[in-house]
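Engineer: So the chains spell out like this:
Protein chains: 2
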Amino acid sequence: MRVLITAGGTSERIDDVRAITNFSTGRLGSLVADAYSQLADVDVTLISAKRSLKPSNPAIRIIEVESVQELIMEVTNQLEQTSFDIVVHSMAVSDYYLTGTASQEALISRLGKNKSVLEALNQAFDPISSEPSKLSSQTETMYFQLQQTPKVISLIKQLQPGACLVGFKLLVDISEKHLVKVAKELMAKNDCDFVLANDKTRISGDEHLGYLINRQGEFTTYTSKQAIAQGIIEQTMKGRTT
Amino acid sequence: MRVLITAGGTSERIDDVRAITNFSTGRLGSLVADAYSQLADVDVTLISAKRSLKPSNPAIRIIEVESVQELIMEVTNQLEQTSFDIVVHSMAVSDYYLTGTASQEALISRLGKNKSVLEALNQAFDPISSEPSKLSSQTETMYFQLQQTPKVISLIKQLQPGACLVGFKLLVDISEKHLVKVAKELMAKNDCDFVLANDKTRISGDEHLGYLINRQGEFTTYTSKQAIAQGIIEQTMKGRTT
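Residue numbers (the working numbering), protein chains in the order written: chain A, 1 to 242; chain B, 1001 to 1242.
If you're looking for bench data, these hints aren't it; they were derived computationally from the structure.
Virtual Cβ for every residue (Gly too), placed ideally from N, Cα, C.
Do not rely on the hints blindly, as some may be mistaken.
[Stated by the list, open to error] Calculated pairs, DSBU-like style, for lysine-lysine (alpha carbon to alpha carbon, straight line, at most 30 Å):
| # | chain 1 | residue 1 | chain 2 | residue 2 |
| --- | --- | --- | --- | --- |
| 1 | A | 177 | A | 50 |
| 2 | B | 1200 | A | 134 |
| 3 | A | 200 | A | 151 |
| 4 | A | 181 | A | 151 |
| 5 | B | 1200 | A | 50 |
| 6 | B | 1157 | B | 1238 |
| 7 | A | 134 | B | 1238 |
| 8 | B | 1200 | A | 54 |
| 9 | B | 1050 | B | 1157 |
| 10 | B | 1134 | A | 189 |
| 11 | A | 134 | B | 1177 |
| 12 | A | 134 | A | 181 |
| 13 | B | 1050 | B | 1151 |
| 14 | B | 1189 | A | 200 |
| 15 | A | 50 | B | 1054 |
| 16 | B | 1177 | B | 1189 |
| 17 | A | 200 | A | 157 |
| 18 | A | 54 | B | 1050 |
| 19 | B | 1189 | A | 54 |
| 20 | B | 1134 | A | 181 |
| 21 | B | 1134 | A | 134 |
[What the hints assert, rightly or not] Not the full set, but computed from the structure, chain A residues with beta-carbon under 10 Å of chain B:
| # | residue |
| --- | --- |
| 22 | 20 |
| 23 | 92 |
| 24 | 118 |
| 25 | 134 |
| 26 | 139 |
| 27 | 143 |
| 28 | 155 |
| 29 | 157 |
| 30 | 159 |
| 31 | 170 |
| 32 | 173 |
| 33 | 175 |
| 34 | 176 |
| 35 | 214 |
| 36 | 216 |
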């Protein structure tokens, strides 16, 4: 049996010394990877952010990525080359990547041209360089322009419709009812078999309130990272023999 | 004798799950802290980024910070309360912090009002919330507005004119001549006694090309983090007895 797990937070490059990062430590994903790897005849591949925590079992194959672009490439590679029974997509993926920067001074001069404001605004940004670079810090006010990244989770069932997919939804400071509603929307949109819904304000070290929701809309509540990892394994392994 | 060291990279909050971070690992700063702490009668205080590497000597007092605002508070506290003989400011400090965000849709509607474009633009951003929050990812194009942060290094000699100050300058892919020139400007502007000048493209693990420049404009070249740490200690300790 083969399991693919993504964990940690992606990081979108601004220049050679700065990035926009997602805070995820990758701890829950690495616990999930370790727990699957202890089952007999289960091969685990983990796509992990460079700076995130790693599982302890050396039998787990680890692929490191930084940006959403690298993540998409590796997820696609894996799903095209190998047939996975279960995919747990716990990585915190940047919603945006940086496309341009402009100083206030540059914006003033560029927006002065005779174009519609928005068109002028969008043309007023300098593209992000892939060459070694560091943004100048000479201007007092700086503007960043960001574009939405493609949704990695939508790729998974497109490439492997037969895999059991566990999606993750993290929101901040909302009611259980609203969280479950949003998780169900993620499930429907991306054809997930399970969604682990959690709220940042209810996570602190190993204490971690999580709702694992199945296709029937039923959910089980867990209160620690270890319990969430075990719950994901029990529910995704139901009826399987390894 | 008392030494204050700053190390690691600051991180400017976007919302509860994202930040703009500086890549610094804090490794050079923690080597410097360890090296000073091995001298007799030297007390070392390290102000370190939360996610950065820590020194091995448990006698070093460690204060953790995340944002530039927290760094300023702690540096000010330390320098007001304690007299330091040497201050090594190696922390990679964010040049900008985020002041507002706007979706393209919000900008279109807000810029449509009858104001001058730049005034409208600056009023078109929603302020960053200090409440628990996560930016919505519903818009395709997003804009960030950032303001320059105060220069932490300029505080040090203002608060303790008698301390020996080591500043750091990191640039990317420039000539040795230009790097030394920029380092001398930093020295003059902030009344540094030494500046360690380095180029991101010449740093790879322990290999680390650094020029330690003194007030006379003379510089010594080092090629590893360990050698830079030892060089800083030798040069700042010259003529001192502990």
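Engineer: Each hint should be assessed against the structure and marked as holding or not.
Structural biologist: Hint check results:
A distance of roughly 34 Å separates the Cα atoms of residue 177 of chain A and residue 50 of chain A; the hinted pair therefore is violated under the 30 Å criterion. Our distance criterion of 30 Å between C-alpha atoms is met by residue 1200 of chain B and residue 134 of chain A, whose separation comes to about 9 Å. Among the hinted pairs, residue 200 of chain A with residue 151 of chain A is consistent with the structure: their alpha-carbon atoms are about 21 Å apart, no more than 30 Å. Restraint check for residue 181 of chain A and residue 151 of chain A: the C-alpha separation of about 19 Å stays at or below 30 Å, so the hint holds.
For a cut-off of 30 Å, the pair hint linking residue 1200 of chain B to residue 50 of chain A stands: about 18 Å separates their Cα positions. Under the criterion of a C-alpha separation no larger than 30 Å, the hint pairing residue 1157 of chain B with residue 1238 of chain B is consistent with the structure, at around 20 Å. For a cut-off of 30 Å, the pair hint linking residue 134 of chain A to residue 1238 of chain B is broken: about 34 Å separates their Cα positions. Restraint check for residue 1200 of chain B and residue 54 of chain A: satisfied, since their Cα atoms lie roughly 27 Å apart, inside the 30 Å limit.
For the hint pairing residue 1050 of chain B with residue 1157 of chain B, the CA-to-CA distance comes to about 25 Å; that is within 30 Å, so the pair holds. Under the criterion of a C-alpha separation no larger than 30 Å, the hint pairing residue 1134 of chain B with residue 189 of chain A is consistent with the structure, at around 21 Å. Taking the CA atoms of residue 134 of chain A and residue 1177 of chain B, the gap is near 18 Å; set against the 30 Å cutoff, the hint holds. Proposed proximity of residue 134 of chain A and residue 181 of chain A is contradicted: the alpha carbons are some 42 Å apart, above 30 Å.
Restraint check for residue 1050 of chain B and residue 1151 of chain B: the C-alpha separation of about 20 Å stays at or below 30 Å, so the hint holds. With a C-alpha separation of about 43 Å, the suggested pairing of residue 1189 of chain B with residue 200 of chain A is violated against the 30 Å cut-off. Restraint check for residue 50 of chain A and residue 1054 of chain B: the C-alpha separation of about 19 Å stays at or below 30 Å, so the hint holds. Note on residue 1177 of chain B and residue 1189 of chain B: the hinted pairing holds, with a Cα-Cα distance of about 19 Å set against a maximum of 30 Å.
This hinted pair checks out: residue 200 of chain A and residue 157 of chain A have alpha carbons roughly 27 Å apart, not beyond 30 Å. Restraint check for residue 54 of chain A and residue 1050 of chain B: satisfied, since their Cα atoms lie roughly 19 Å apart, inside the 30 Å limit. As the CA atoms of residue 1189 of chain B and residue 54 of chain A are separated by approximately 43 Å, the hinted pair breaks the 30 Å bound. For the suggested pair residue 1134 of chain B and residue 181 of chain A, the alpha carbons sit about 17 Å apart, so the restraint of at most 30 Å is met.
Between residue 1134 of chain B and residue 134 of chain A, the direct Cα distance comes to roughly 27 Å. Compliance with the 30 Å bound is thereby established for this hinted pair. Residue-level restraint check for residue 20 of chain A holds (minimum Cβ-Cβ distance to chain B is 6 Å; threshold 10 Å). Look at residue 92 of chain A: its Cβ gets to within about 7 Å of chain B, closer than 10 Å, so that hint holds up. Taken as an interface hint, residue 118 of chain A checks out: its beta carbon lies about 6 Å from the nearest beta carbon of chain B, inside 10 Å.
The interface hint given for residue 134 of chain A holds, since its Cβ lies 4 Å from the closest Cβ of chain B, which is under the 10 Å cut-off. Interface restraint check: residue 139 of chain A against chain B, minimum CB-CB distance 7 Å, threshold 10 Å, status holds. Satisfaction of the interface hint for residue 143 of chain A is found here, the shortest Cβ-Cβ separation to chain B being roughly 6 Å, below the 10 Å cut-off. About 17 Å separates the beta-carbon of residue 155 of chain A from the nearest beta-carbon of chain B, more than 10 Å, and the hint is not met.
Among the interface hints, the one on residue 157 of chain A is violated; its C-beta lies about 20 Å from the nearest C-beta in chain B, farther than the 10 Å criterion. For residue 159 of chain A, the suggested interface contact is broken, since its CB lies about 23 Å from the closest CB of chain B, more than 10 Å. About 7 Å separates the beta-carbon of residue 170 of chain A from the nearest beta-carbon of chain B, less than 10 Å, and the hint is met. Taking 10 Å as the C-beta cut-off, the interface hint given for residue 173 of chain A holds, the closest approach to chain B being about 4 Å.
Using the Cβ-Cβ criterion of 10 Å, the hint placing residue 175 of chain A at the interface with chain B is not satisfied: the shortest such distance is roughly 13 Å. Violation of the interface hint for residue 176 of chain A is found here, the shortest Cβ-Cβ separation to chain B being roughly 15 Å, above the 10 Å cut-off. The beta carbon of residue 214 of chain A is not positioned within 10 Å of any beta carbon in chain B (closest approach about 25 Å), and the interface hint is therefore violated. Because the beta carbon of residue 216 of chain A sits about 28 Å from the nearest beta carbon in chain B, more than 10 Å, this interface hint is broken.
Going through the hint list in order, the structure does not satisfy hints 1, 7, 12, 14, 19, 28, 29, 30, 33, 34, 35, 36.
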